[in-house]
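> Residue strings, one per chain:
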Amino acid sequence: MIRLLLSLALALFATAASAQKLVTGVSRDQVAITANFDGSDILVYGAVARDAPPPKGVTQNIIITLEGPSEPLIVRKKARMLGIWANHESVRVDSAPSFYSVSTTAPVSSVISHTEDLRYHISVPLAIREIGGTATAQHPKKFIDALIKIRTKEGKYESEIGAVKFKDNTLFSTRVQLPANLTEGAYKLRIFLTQDRKVIDMSQTSIQVSKAGIERWLFNLSADRPALYGILSLFIAISAGWLASAAFQLLRR
Amino acid sequence: MQIYLPIAEVVVNAFLLFGIGGIVGLLSGMFGVGGGFLITPALFFIGIPPTVAVSTGAVQVVASSVSAVMVHLKRRTVDFRMGTVMLLSGFIGSTVGIYVFRELERLGHINLFVEVSYVVLMGLIGTLMFQESLRAILRNRREAREGRTAAPRRRGHSKLQKWPLKVKFRTSGLYISILPPIFIGVFIGFLTTTLGVGGGFILVPAMIYMLGMNTKVVVGTSLFQVIFISAYAVMAHVLTSQSVDLVLALLLIVGGVVGAQIGAIIGLRLKAEQLRILLALLVLAVCVKIFLGLVLHPADLYNINVVGHA
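Just so you know, the sequences run in chain order A and B.
Residue 718 in the working numbering sits at position 126 of the first sequence, with consecutive numbering throughout.
Residue 738 in the working numbering sits at position 54 of the second sequence, with consecutive numbering throughout.
With the rest of the complex left out, here is chain A:
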């Protein structure tokens, strides 16, 4: 009971303190991956609701992040041993998002302070969590940089500086591009309103990305009934081989 009252009081306090609130919407909250899926883009839009006119002389900014499901991974570096290039040092990354995009109204350093960035894990390197101690490398930081570089090249990590349109410090919108190589799961969409490089409001929602149609069916079958899936694969392979041979026999007659 006390806890309930306390949280109620906190909520009241919070609304009173931030007289500016984000009101947001997305063009779609579900993305279906079908056989001919070729990427998608999501329109994120909204407005800043205020009790009073926007304060004079201060600039406000918007940051929008979209984060795919995280997974643990190992980054390895090759080194030359006995004339052969082989994996040598490695760094285990505890969790790295499979997709991550940051869109802002202005360069990140002018929009948010480093401490706020650290607190909310906004910029790309901070969205990756590497636990120290397990690395066999001397400079784990370089491995994280390499990971970001590779994923940026693949279109999985994006920094879109200035991509958010912010009209009259009130209305904002941007398009977040989703690449074709998507992993399934809940994608976390966060929208931050900042002022003087501090976050003053944040809104969060999730977008569900899932396989649909035949893709869904095959994926489920391979996970739930692997033996049946294997027999189906072999059946298709054998009958295709036999059919092609029979067809060629007919052709040559």
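Hints in this document: simulated from the structure, not taken from any laboratory.
Small disclaimer: the values here were computed from a predicted structure and weren't measured.
Treat the hints with care, since some could be wrong.
Facing chain A, a subset of chain B residues (Cβ under 10 Å, in silico) [claimed, not checked]:
1. I687
2. I730
3. G731
4. T735
5. S801
6. I911
7. A920
8. L934
9. V938
10. I946
From the three backbone atoms N, C-alpha and C, an ideal C-beta is built for every residue, glycine too.
Following the hints, position chain B against chain A.
Here is chain B on its own, set in the frame of chain A:
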């Protein structure tokens, strides 16, 4: 035409996959090799995750081998007795191989082991086969010029004649001990699970040079063996890692079965030593490619390995 692959979780061009399947099928039909040693690197190259590439490649190998073996069945160029002996001993080798593979994987460096083994095996087999078939071609030319035909030499199995437990392999034209085919079978089975190949490129030369089988029978018999060994690999991968992508397999199969038919027809028209020298060149080319990959400075020193993802 872009297609999303449900297990690999990447988008690929369907026509590119028809092409890869077709080329590998063509070679498979011509030489009686499964094509695993070609299709797996090709799939890596277009960005398919390694585990998916290895296991899905096996499905394609089954399809193109079935397609090609039909042609050989019609012409009675399959030695079922020899194939069955090797197949049964192959399962023993595969099972041992699974444990060795797990142990190496645990120690890290499985990729290095696979690549170095490829280079050594392929370099050795490719060179030997190239030398031998070149000599055969030159000898045939000389004989044709001088207008005489020497009796074909019996190769390889002189020492094997003395081994016990002799069995008649009528189709291969052999009366030899059953032990050498068993040893070869176990070794090939071992390679299937450790190196992820059907073993055709080793099986074909082993049958020709070690057992002295008739080359025309070798291709069909090798295909027969490769079908079952690869089917076994598909089931093992499906049950342990769920890494077979059926959409990817289908696209490869469509190209593969057609290619295998054309390849089998070409193969039956070529002379045996021409076929051998082409296979030798192919094996050497792949060997050089992998060797360069090992010694040249890689474009990117870093690589990412997602843990616990198919």
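> All the hints need checking, so say for each whether the structure fits it.
To see whether the hints hold, each was checked on the structure:
For I687/B, the interface hint holds, the least distance from its beta-carbon to any beta-carbon of chain A being 6 Å, beneath 10 Å. The beta carbon of I730/B is not positioned within 10 Å of any beta carbon in chain A (closest approach about 12 Å), and the interface hint is therefore violated. For G731/B, the shortest C-beta to C-beta distance to chain A is roughly 8 Å, which falls under 10 Å, so the interface hint holds. For T735/B, the interface hint is violated, since its Cβ never comes within 10 Å of a Cβ in chain A; the closest pair sits about 13 Å apart.
At about 13 Å, the closest approach between the beta carbon of S801/B and any beta carbon in chain A exceeds 10 Å, and the interface hint on this residue is violated. Checking I911/B against chain A: minimum C-beta separation of about 8 Å stays under 10 Å; hint holds. Among the interface hints, the one on A920/B holds; its C-beta lies about 9 Å from the nearest C-beta in chain A, closer than the 10 Å criterion. For L934/B, the interface hint holds, since its Cβ comes within 10 Å of a Cβ in chain A; the closest pair sits about 7 Å apart.
With a least beta-carbon distance of about 7 Å to chain A, the hint placing V938/B at the interface is held under the 10 Å criterion. For I946/B, the interface hint holds, since its Cβ comes within 10 Å of a Cβ in chain A; the closest pair sits about 8 Å apart.
Hint compliance for this structure: hints 2, 4 and 5 are broken, all remaining hints hold.
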